[in-house]
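Take a look at the letters that make up each chain.
Protein chains: 2
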Amino acid sequence: MNKPFEVVVSRSKSVEDHVLEIIEILNHNSNEVDLKGYGFEINKAVDIYNALKDRLKEGITLEEVSIGSETKDRKRISYLLLRIKRSY
Amino acid sequence: MNKPFEVVVSRSKSVEDHVLEIIEILNHNSNEVDLKGYGFEINKAVDIYNALKDRLKEGITLEEVSIGSETKDRKRISYLLLRIKRSY
Chain P
1 MNKPFEVVVS RSKSVEDHVL EIIEILNHNS NEVDLKGYGF EINKAVDIYN
51 ALKDRLKEGI TLEEVSIGSE TKDRKRISYL LLRIKRSY
Chain F
1 MNKPFEVVVS RSKSVEDHVL EIIEILNHNS NEVDLKGYGF EINKAVDIYN
51 ALKDRLKEGI TLEEVSIGSE TKDRKRISYL LLRIKRSY
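Here the protein sequences line up with chains P and F, keeping their order. Mapping to the UniProt record's numbering: the first sequence position 78 is 78, numbers consecutive. Mapping to the UniProt record's numbering: the second sequence position 6 is 6, numbers consecutive.
Next comes chain P alone, as it looks inside the complex (with noise of 0.2 Å):
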């Protein structure tokens, strides 16, 4: 239970599905989930926190916000990552 289990938004996942996927990880899998999304997905990434938040409110809280770049195909490609924690 202690790495972070990483999710990348996807461009065809809903925000409900990948708040409802972090949930099921938060319950199951791990104490934390490393959110990332990259380019145009980082606004999603944001969204989902959101949400997430809305959700459980004291449940998780927000360790890091980070953000850098990775080269794909010769193109830069900007990333957010959001590692979030469960409270309990």
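Since the hints were derived computationally from the structure, they do not count as laboratory data. Each hint should be verified, as a subset may be incorrect.
[Said to hold, decoys possible] With a straight-line cut-off of 25 Å between C-alpha atoms, the simulated BS3-like cross-links for lysine-lysine are:
| # | chain 1 | residue 1 | chain 2 | residue 2 |
| --- | --- | --- | --- | --- |
| 1 | P | Lys53 | F | Lys13 |
| 2 | F | Lys3 | P | Lys36 |
| 3 | P | Lys53 | P | Lys3 |
| 4 | F | Lys53 | P | Lys75 |
| 5 | F | Lys57 | P | Lys72 |
| 6 | P | Lys75 | F | Lys72 |
| 7 | F | Lys75 | F | Lys3 |
| 8 | F | Lys57 | P | Lys75 |
| 9 | F | Lys53 | P | Lys36 |
| 10 | P | Lys57 | F | Lys72 |
| 11 | P | Lys53 | F | Lys57 |
| 12 | F | Lys75 | P | Lys13 |
| 13 | F | Lys72 | P | Lys53 |
| 14 | P | Lys36 | F | Lys36 |
| 15 | F | Lys13 | F | Lys85 |
| 16 | F | Lys57 | F | Lys3 |
| 17 | P | Lys36 | P | Lys13 |
| 18 | F | Lys75 | P | Lys72 |
| 19 | P | Lys57 | F | Lys75 |
| 20 | P | Lys75 | P | Lys57 |
| 21 | P | Lys57 | F | Lys57 |
[Said to hold, decoys possible] What the simulated footprint calls covered on chain P by chain F, stretch by stretch (three residues with Cβ under 8 Å from a Cβ of chain F suffice, anywhere in the stretch; the number is not a length):
| # | stretch |
| --- | --- |
| 22 | 4-18 |
| 23 | 23-30 |
| 24 | 38-44 |
| 25 | 63-72 |
Glycine included, C-beta positions come from ideal geometry on N, C-alpha and C.
Since chain P is already given, all that's left is putting chain F on it; use the hints.
Same frame as chain P, but now just chain F:
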């Protein structure tokens, strides 16, 4: 030279325009810039930061990354805030 200067990412301005604007501010107005992107402009905020970092390298540090949401016209809109500080 103390209060962070707020720059809101604009839909119509290019990443490069914002980079030049922030360099101007860091040189003349303030040691710190709060770069804020709302909704679809969140990913542009990250692109601006990465382009700025490429340009200024160790000249800037990312002091803080935070996310949240604000209510506008009864709709909730997510934002990403990047606090950028001039290193020297």
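Query raised in the report: When you check the alpha-carbon spacing of lysine 75 (chain F) and lysine 13 (chain P), does it fall within 25 Å?
Result: holds, 22 Å
Query raised in the report: lysine 36 (chain P) and lysine 36 (chain F): Cα distance at most 25 Å?
Result: holds, 19 Å
Query raised in the report: Is the Cα-Cα distance between lysine 75 (chain P) and lysine 72 (chain F) 25 Å or less?
Result: Status violated; Cα separation ~35 Å.
Query raised in the report: Given the proposed pairing of lysine 75 (chain F) with lysine 3 (chain F), does the C-alpha separation stay at or below 25 Å?
Result: With a Cα-Cα distance of about 29 Å, the restraint between lysine 75 (chain F) and lysine 3 (chain F) is violated, given a limit of 25 Å.
**Report entry** Straight-line alpha-carbon gap lysine 53 (chain F) to lysine 36 (chain P), limit 25 Å
**Finding:** Holds - the C-alpha atoms of lysine 36 (chain P) and lysine 53 (chain F) are around 20 Å apart, at most 25 Å.
Query raised in the report: Taking only the CA atoms, is the gap from lysine 53 (chain F) to lysine 75 (chain P) under or equal to 25 Å?
Result: holds, 17 Å
Query raised in the report: Between lysine 57 (chain P) and lysine 57 (chain F), is the straight-line Cα distance small enough, at 25 Å or below?
Result: violated, 38 Å
Query raised in the report: Is it true that the CA of lysine 57 (chain F) sits at most 25 Å from the CA of lysine 75 (chain P)?
Result: With a Cα-Cα distance of about 19 Å, the restraint between lysine 57 (chain F) and lysine 75 (chain P) holds, given a limit of 25 Å.
Query raised in the report: CA of lysine 36 (chain P) to CA of lysine 13 (chain P), is that 25 Å or under?
Result: Distance of about 14 Å is within 25 Å: holds.
Report task. Mind checking the alpha carbons of lysine 57 (chain F) and lysine 72 (chain P) for me, to see if they're no more than 25 Å apart? Result -> Since the Cα atoms of lysine 57 (chain F) and lysine 72 (chain P) sit roughly 21 Å apart, the hinted pair holds (cutoff 25 Å).
Requested in this report: Compare the distance between the alpha carbons of lysine 53 (chain P) and lysine 57 (chain F) with 25 Å, and conclude whether the hinted pair is satisfied.
Outcome: violated, 34 Å
Requested in this report: Assess, step by step, whether the Cα of lysine 72 (chain F) is no farther than 25 Å from the Cα of lysine 53 (chain P), and give holds or violated.
Outcome: holds, 19 Å
When each numbered hint is compared with the structure, violations occur for hints 1, 2, 6, 7, 11, 18, 20, 21, 22, 23.
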